[in-house]
Amino acid sequence: MDTVALLLTLRLALVTTVILLLLAVPLAYWLAFTGSRAKVFVQAVCALPIVLPPTVLGFYLLVALGPRTAFGRALTHLLGHPLAFSFAGLVVGSVIYSLPFAVQPLAAGFAAVDRSMLDAATTLGSGRWDRMRRVVLPLSRGSLLTASVLSFAHTVGEFGVVLMIGGNLPGATRTLSIALYDQVQDFQYAQANRTALFLLAICLVALMLLYSLRPESRPRSGDLV
Amino acid sequence: MSDASISALAGSPTSGAPNTPWLTVHLEHRFHHNGAGFHLHLAFSAHAQRTVVFGPSGSGKSSLLRAIAGLLKPDVATIEFHGTTVCNTRTIGSRPRIYIPAEKRRVGLVMQNPAVFPHLTASGNVAFALRGKDRSAQKEKIARLLEIVEAESLAARWPRELSGGQLQRIAIARTLAAEPTILLLDEPFAALDAPSRQQISQNLHQWARERGIPVLTVTHNLEEAFTAGDEVLTMEDGRVMAQGTPEKVLVMQRERLLQMLHAVPAPVPEETSLSPENDRAV
Amino acid sequence: MPAQTKTLRIAAAADLQPVLPSLVHNFEKSSGAKVEVSYASSATLATQILNGAPYDLFLAANLAFPQKIVAANLADESAPVTYAQGLLVLWAHHGLFHHGLAMQSLTDPTVHRIAVANPIHAPYGAAAMAAIESLGLKSALQPKLVFAENIAQAAQFGQSGNADCALISKTLAITKTMQQAGRFVAVPVSAYPPILQGAVVLRNASDKQTALEFLHYLQSPAGRNLLTTGGLVPPAQSLVPPAQ
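Protein chains in written order, with the numbering used here: chain A, 1 to 225; chain B, 1 to 282; chain C, 1 to 244.
Honestly, the hints are just simulated from the structure, not real lab data. One thing to keep in mind: the hints can contain errors.
Among chain A residues calculated to face chain C with C-beta under 7 Å, some are [said to hold, decoys possible]: (1) Y60; (2) L62; (3) V63; (4) G66; (5) P67; (6) R68; (7) A84; (8) S86; (9) A88; (10) L163; (11) N168; (12) A172; (13) D186.
Here a beta-carbon is modelled for each residue, glycine too, at the ideal position from N, C-alpha and C.
Let's have the full structure, built from the sequences with the hints guiding it.
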């Protein structure tokens, strides 16, 4: 078992999930409660990574954010190194790639909160952020769990984006799925089998955890796609 | 039936009524959820400590309360509490439009749907609006409020364990805890049995009177309407039909009230109003 | 024989991507056959073939991968045929060095990232690592290396600016895109084992005849010419048995 790759994969999934929740909660809140006409567009953009091939994403990260573009150069300056071939680059890729798996369950959960609860909180003097914190979030715990588990598992399985921009660096970008690929290419089928089973086990455990804690509902992806 | 005008009964002798209205409402709003649409159009002032709005289902009573509380943004409205404007959709000269958001209006609203927060215990719910960190003082306060609604023993219980009537008590206590400047009650005792209803109503009105908090109650219960208020307004189809002391209104609306009594076989508990997206304004 | 359009399916190593199209075009014109080519790293293609991919001809970038096919009893011959020799070059961005470009230049602090194809998947990657080692540059360069899936991706890393330099095949370095983005210099052939590119016709090929014809064509004067201008070295003599 390639423990370096395993730890890297888990670290990537964890960091991605945390960042994703921080981004997705306000975004999902806006989607759930806005009356703005931009909502349809934002929903579509958030759902895009589900249908977009990961290689497309990887391509854009490589080229559009590479040193040949002004934006890429600015980013390099900010980070101190180019986005590609770095853990930071993988995090950026993973956050975009797993975005819908965080936003959709959250938006669906927020929208499902009984409006009369929100009305009651409002008349009790609770403003928008207070309501979010004390009513919406506690009543959407299930959706938070779904969003976390799905984002985590989805990132563990990431391959296409990592292949495009990773550079296969042990400890930094050589995730378990890449290691598996290398093992197959190297005809190390026994090792590859072990790695594959391990990846399978992680995802299975994650989903079982989700189902056991939320027996009354399947992980919902909302009404999109 | 003719519409009652605003000045129908200004300054009528009611017990302990101040001369300045504590509530002035002028409201026009169209609901578009039906094919036909529903039109709220009314204007009135409330002077009495206890005011009752009476009307059948669908007359727009709940929407009126929602508008006063700020949960409904009316097309055209002027709403004042104790002389302070909380809502004015018109700009006059250099004075801009005014709309104080619901969370800042200090309006206590007890809805038909108690909407008790399932993720907090009963006392957690009651404490929702309480600020300040003094735990023991809070506990004391919660206990006193639960006494008013005769629910002291329910403090540590979870909402999912409680009956409809118990939830309603908690909702009332929770609203009182927020120390509102006016109190709006939308059929708050519907799930309670008659003796509890009477006792709690008494406790509640006493509590409000002690603090000078005027109370506006909405009901479709004829008996309650004409015994529980110092002033009564009747509503029908989104309009105020009559306003005055219970005796006066009984006389003015006699024919209509008899019609309503005979048309409806038995007092039907009104459907729980869930959200403003209902087709009918309740 | 009834007239039918024969389709020749070729699995070709990534370094052949710039070279093969013109060869294929000419072959199609003269033989009337249709040719479909799939490009990937030699390892990827070998894996696919070992697992039943329906190719007719495998053009790898070394001899080891075709030998695996032979060992698995999936090849028509008993040994791969060397159809060309590959050349490793060092490619660098324009404006990176003003002085001469050489392998030693890679130790310069202005070089941050060097793209190399994965040595396990790609023979050119293995050659690049061998060159780095034999020139005593391994410890200096190891921290700068990034590994691409195949040399085409390594070239892409260089061209997009994400890597400053890349060790790639000459065939890729002489393409217009790469010439526009940078310049290259040959890595001394003594520094790495010769890249002998081997081919096998597959046992389960639907049309072995056309496959052999194509191999034969590669060895023809016209074919050798195109290989040379493409950046490969054709073998000294034709090792392909004449078509029946």
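Against the structure, the hints:
no.	hint	result
1	Y60	violated (11 Å)
2	L62	holds (6 Å)
3	V63	holds (5 Å)
4	G66	holds (5 Å)
5	P67	holds (4 Å)
6	R68	holds (4 Å)
7	A84	holds (4 Å)
8	S86	violated (10 Å)
9	A88	violated (14 Å)
10	L163	holds (6 Å)
11	N168	holds (4 Å)
12	A172	violated (10 Å)
13	D186	holds (5 Å)
Hints 1, 8, 9 and 12, counting from the list given before, are not met by this structure.
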